[in-house]
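These protein sequences, in sequence, are chains A and B.
Numbering-wise (our numbering), the first sequence opens with residue 256 and increments by one.
Numbering-wise (our numbering), the second sequence opens with residue 157 and increments by one.
Check before you lean on any hint, since a few could be wrong.
[Unchecked claim] Label pairs and their computed distance ranges (CB to CB):
| id | chain 1 | residue 1 | chain 2 | residue 2 | range |
| --- | --- | --- | --- | --- | --- |
| 1 | A | 640 | B | 412 | 53 to 59 Å |
| 2 | B | 197 | A | 584 | 41 to 47 Å |
| 3 | A | 362 | B | 285 | 24 to 30 Å |
| 4 | B | 257 | A | 362 | 39 to 45 Å |
| 5 | B | 353 | A | 477 | 48 to 54 Å |
| 6 | A | 482 | B | 367 | 32 to 38 Å |
[Unchecked claim] Take a look, some chain B residues computed to stay more than 12 Å from chain A by CB distance:
| id | residue |
| --- | --- |
| 7 | 181 |
| 8 | 190 |
| 9 | 228 |
| 10 | 267 |
| 11 | 287 |
| 12 | 289 |
| 13 | 304 |
| 14 | 320 |
| 15 | 343 |
| 16 | 360 |
| 17 | 373 |
| 18 | 459 |
| 19 | 461 |
Source of the hints: derived by calculation from the structure; they are not laboratory data.
Heads up, the beta-carbon is just placed ideally off N, CA and C, and yes, glycines get one too.
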Amino acid sequence: MIEPVLRVEGLCKSFAGVRALDDVSFDVRAREVIGLIGENGAGKSTLLKVLAGVLRADSGRIVVRGSPVSPANVSAAAASGISMVFQEQALLPNVTVAENILLGHERRALRAGFYYWRALYALAATQLDKLGARISPSALTATLSFGERQLVEIARAVAMEEHTRHEPIILFDEPTSMLDAKGVDTVLGLIERLRQRASVVFVSHRLDEVLRVSDRICVMVNGSCVATRERDMCKIVDLERLMLGRELDPASEQRVPVSKPSTKVVLSVRALARRNRYEDVSFVLRGGEVLGIAELAGSGGESLCRTLFGAERADAGEIIVEGRQVRLHEPADAVRLGIGYVPAERRLEGIIGGLGVRENMTLAHLNELLRGPFIDRAKEREVVNSWIERMRIMTPRADTQAHDLSGGNQQKVVLAKWLIGRKLRILILDHPLRGLDVGVKAEMFVLIRELARAGLGVLLVADTVEEVIALSDSVIVMKDGVVSGRFSASAAKPSRLQVLERMV
Amino acid sequence: MMPADHQGPIGSRPAAAGLELRWWSPLLALVVLCLGFSLAAPGFATVENLWTIADRSAIPLILAVGITFIILQGSLDLSIEGVMATGSLTFALCVLNSRTGLDLGIFGLVLATFAGAGLGLLNGAVITFLRVPSFMVTLGVWSASIGIAMLLSGDQPPLIKDPMLRAFGLERSLAVPNLFLVALTVVLLGFLLQSYTRFGRYSMVIGGGEDVARLLGLPVDRYKVLAFAFAGLLFGLGGALESARIGLGHVDVGAGQMFATITAVVIGGTSLGGGRGGVVQSAVGVLTLAVLSDGMVFVGVSPYAQKAVQGALILLAVLIATWPLRGRLRIVK
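Next up, chain B with everything else stripped away, as it sits in the complex (with noise of 0.2 Å):
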């Protein structure tokens, strides 16, 4: 017989340490980006300017939080904007508004994330029962569901005239802004969904590995089409708060959302083949772009160079974030 020492196993890699490195840098770019600004630009690093750049990013944490499930799981959704764009016409038509007879007050952001849960379910529906891919399913739902708010909206969005909720999405609450307070709930809520539950484990076990999830009975359908309505319910809300920032039911309040949305998470770290990440770097991933962009007006980059700066600054991101997964042999798709 041959003397082993079973101490180099077969098929291992040196995993730990770059795990660890991985785990951190997000959060140590974020800190830099931030330490930069404060030095390039005396204004940046002020009160006031923190809470404009919460105020930035509340609605993309609410939306990030929402697609970090589905990506966990090794899906995607495509369909943020137009779930938006339903939910903000739902909740603009139901308060008071220039269009309707309709009062129903905070009632009616329940039904607009309701809506948005329905589109997230039919998402999640169609992609586990008829098994179509999601970046199919969702980029189709994306569209009818535009279609969905354009028929509401008809040729004349609905002015939103409920002087309550118009003050909910404009004023703060001892100085921090109300929809950045109602974002940080939705955060907190989602780490604990996804540390302390069934849902949020299974999240990251269906995308470590669907097929032994399946292998050993698990109910991988369920926990998909659960992602897909959670993630659709935090769509909806995102457009109804927008709404109730801009004073209008609009089929355009998700405007650009889909690509800072994923483009946060991946920053963030969440791989987008599933199973690694989570809420907390998502939430950093948004807190990372709205930095920037706000951080690029301080510093005096031209607003027609901004959009190309923040290009080349995310993919210098993605980058850093992948090198240690670098191999000759490994597969980018």
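Isolated chain A (complex conformation) (with noise of 0.2 Å):
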């Protein structure tokens, strides 16, 4: 057997008494493609990190190409050749493409200290060059898209190789997680394009992408690697068995019970426009009734979302909530109208990283919690509870700082938040499920139609197709900006094919 260029052995790591890491072993040989699944919460984030040198193992020996390494931080890991793109984008947005790709080793661009741009830009071209990238290294990086500075991240980990004169190893936190279906595409024809001068570890929720591009594939439960499985030898099914110790019932998602929409409209819009977002968007949302909105990205569904919180100014036209005409002027006249709002990007504004699974709970209804002037503490920790326990969040203590949970248990915090509140009526859904893994995913998609049945109105956008049919009621498809097509929760569930239509 060839000698593995990355071996890992029984690397532990704990995190406030919760183990993360519990003995993982696996290797990497050069030039593979290992794929890493494991359930939300299973420790795939965290092994990478610690191959990355942003966390430090308690034990276990990592070694590369033979010999034991400990990287103490970033760069002490990209000196012994690991690197590691960012599912949140470590970019510099105010440099240019070029600094952030070569950033701490300006030194072969520098002629006596001082910067040779020429240079620097012609080493970055290098970089970008190898993954067929046509972005200019002068650019500003603020100025990009997200492939974009995606891209630029990837040609970053593949620079190592030029400071290391080894192949390097290149680690990816769920590239995938944040792309619509062409920008999957790109990345991952990338990760088989890296395959010619590198190793690369992935970790996706995607089980499809997975296998299309690992040679072999690691499964991660509860913190170790419970099975290592060549591709050609492995089935989905056989994979998601691993991964969740039980069956999936591929029938479940068509058999989760519709909801009766009631006749009372909880909310409707009338001719709302924003500029250059979406015009003459009108619909009407009932108690008890989940309204999906089908859309290409940027296609105004999501602006629309944020007009409804408060979150972004309307043009025109009319908010009508239970009847009465409203003006939002910002997410608090949302929040006293009770309309909730599950925002796209969780990490950013869904979460406050900082503080506890507790006050993110609770601090968007603290005066649903006081006595007199005060907050009852003993009330608040009593609700907290019973939601952690209702929704199945795992959380080692109600006092655990949000950030330190996994993305599931972060979403159903966020959607905790706003279930806690008396007087919810709406739930604005931005991409409920981006980034979850498919226990999750299933465990979310019933409770959101628990919630309508409760009487809610669920407005969403979600990431496919599939996605918003099976959860919606009735669907509306936005294009540019404009809705395109309607199908009424009275008729059939419409065909993908029959929203597709409508969308491009």
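Got two chains here, each in a separate frame; can you build the complex from them with the hints?
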């Protein structure tokens, strides 16, 4: 057998008494792509962060090309040839692409301590060329699109080979979770391409993607690596069984009980418009109904959701909540009216990472927990604990900082924040399933349906047409900012093709 | 699968156009201001007045270059006036003066900058190693360095008697005020540092995302200390040059400079949040303020009203500078 370029032996890591990594061992061979899968909270991100030097392991060994390393920080890991492409994009928006790619390694482009910009741009262009990316090295990073920025980050990881003389080991933490289908294709294509010059470890929630590019697949459960499979030897169902420790019922999504929307209209929107975003949008949302917006990214649906939560301004049109025309100047207005919003950018807008689960859940509705002028802590604890239990939020304590939770559990906290409110009537979900793994997705799915059955009006935008159709009673399709199709709850559910037709 | 065109990416903001306008608008404002004053008051657009403005902005320019790197990094330095005072007295007591027997000449200037750099180093060290916010640390160092200056001054501020240094502070070379030439050199040096060295570029990087910079293992603390030391050096130099001009080592040489410098930097378009702006922008800001206070005299604004008018115009300028950034959920602190 060939000596692996990276060998991990018995890695352990705990946070505040919770085992995030429990005796993980696996290896990566030269020019091999390893797919790392597992439920949220299985320890995938933690593992990558330990390898990349962001976190330090409590025990265990990391062996790179035969010599043990224990990277104390990211540059130390990079020096041994391991570099990471971060999920949340670790780029500086206010400097050039070239500076981002070569950050910390500018020495070769310095002449007597001074930047020789032409050389810096040329070096960066070399890295971008390896990826076949057409991005100008002198462009300001803030002006790039999301996909382009991801390319820049990958280019930075690839640039490591220039600094270490070895082929790099590149770690991808969910590179595809924020992308649509075309973006996913690009990234998977890149990983294929990287195989020519690097070893890759990549984490994804989408098993089909993992199967498409990985040579071997490593399944993590509860902080350890329970199985490693050759790609050709396994099917999606096997992987799911390994991951969840149970069968996933393929028909479960279809058998979700459909709620009976009441006749009571909770929200109606008339001729709503926002310049350059959407125009002339009208619809009604009834209590107990889930209304899905199907659209390509940037067709106005997200902006519409934000308007209905008071986070963006509308230029024209009316918003009517329970029969009364309302003006939403800021999110606080929406909250007062009983509107809840789960944002797409969970880390940025959904949770306050430094606060505990408890505070995150109750901060929007503290006035409901008052006894006189003071917060009733006992009542708060009781409410929080009941929701942690009801939503199966995996958290060591109610006061654990929210950024220490996995993505799925964070999303549940965000949702619970609104459900706590006694007045909640309308829930706006902006890509509620984004970045969640199959297990949590299924849970969320059932949860959303339950909420509707309890009488809430739910408005949502989701990543794929399938998700929208499966989750919603009625569907409206948006294209270039206008409503291009409607499928009402009374008719039969639309097919994927019917919806797609109106979208493109 | 969902066919999607990836031209409209997640989280994209229309940034480019606004950025361009923001870049140029301070310079445009300066030009408009100059034109306006020229039309309103015939005496404004003369060579002589140009040099008056140049002379007036010389020391603020030096200070602004220093603080620019700190603000680019997202920190703040409130110790300007104190460091200037210490620089001033160090300088006055080391050159030929009425109090001590020393006569170090130009070397006195070097010592004054060293004193300033030392205080800056203290700022930087406390901020980075003891992790105290720059706002508080520099406020403390401000007070402490005023105290040092007072001790050095005693009740008899030293008079500077070195004829060469006095002449340097007051006279002109080829019609240009000497101090303005020094200031221009400092601005040029600052520009080179900002655009062509790791110190300058990493200052930008730190301001743009200190967490990212640390994550990637950049020696963030080192560059922060360097920025404070560099600024201190220039503040010390500013204090010493002001002394050379007035012929006196005095605790109050820097009076009002902190407000003026920070205002100038912001008006020029350097963001107090860090990561945006630069030396040239700061210089434009300083010149704008200098033109403003000079021009008001020419158009006959009552001396009593000048402060109020200046304040109103500063508010207006900041409003214009931050207008493109407005948004409902934008956080203003």
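Beyond 12 Å from every chain A Cβ - status for residue 228(B)
Since the minimum Cβ distance to chain A is about 9 Å, residue 228(B) lies within 12 Å and the statement is violated.
In this structure, is the beta-carbon distance linking residue 482(A) and residue 367(B) contained in 32 to 38 Å?
Taking Cβ atoms as reference, residue 482(A) and residue 367(B) lie about 36 Å apart, which means the hint holds.
Is the Cβ of residue 373(B) farther than 12 Å from every Cβ of chain A?
Label violated. Min Cβ-Cβ 3 Å, cutoff 12 Å.
Take the C-beta atom of residue 362(A) and the C-beta atom of residue 285(B), compute their distance, and say whether it sits inside 24 to 30 Å.
Since residue 362(A) and residue 285(B) have Cβ atoms about 26 Å apart, the given range 24 to 30 Å holds.
Just checking, residue 287(B) versus chain A, shortest CB gap more than 12 Å?
16 Å, holds
Distance rule for residue 304(B), whose beta carbon must clear each one in chain A by more than 12 Å
34 Å, holds
Does residue 181(B) sit more than 12 Å from chain A, CB to CB?
With a cut-off of 12 Å, residue 181(B) remains clear of chain A, as the shortest Cβ separation is near 18 Å.
Residue 257(B) versus residue 362(A) beta-carbon gap, inside 39 to 45 Å or not
With Cβ atoms ~49 Å apart, the hint is violated.
Should the label of residue 459(B) as a non-interface residue stand, given a Cβ cut-off of 12 Å to chain A?
42 Å, holds
Verify that the Cβ of residue 320(B) lies farther than 12 Å from every Cβ atom of chain A, and report whether the claim holds or is violated.
34 Å, holds
Taking the closest pair, is the beta carbon of residue 461(B) still more than 12 Å from chain A?
Fine: 37 Å to the nearest Cβ keeps residue 461(B) off the interface.
Find the nearest Cβ of chain A to the Cβ of residue 289(B) and say whether that gap is larger than 12 Å.
Correct as stated: the minimum Cβ-Cβ distance to chain A is 17 Å, above 12 Å.
The structure is inconsistent with the numbered hints 4, 9, 16, 17, although it conforms to all the rest.
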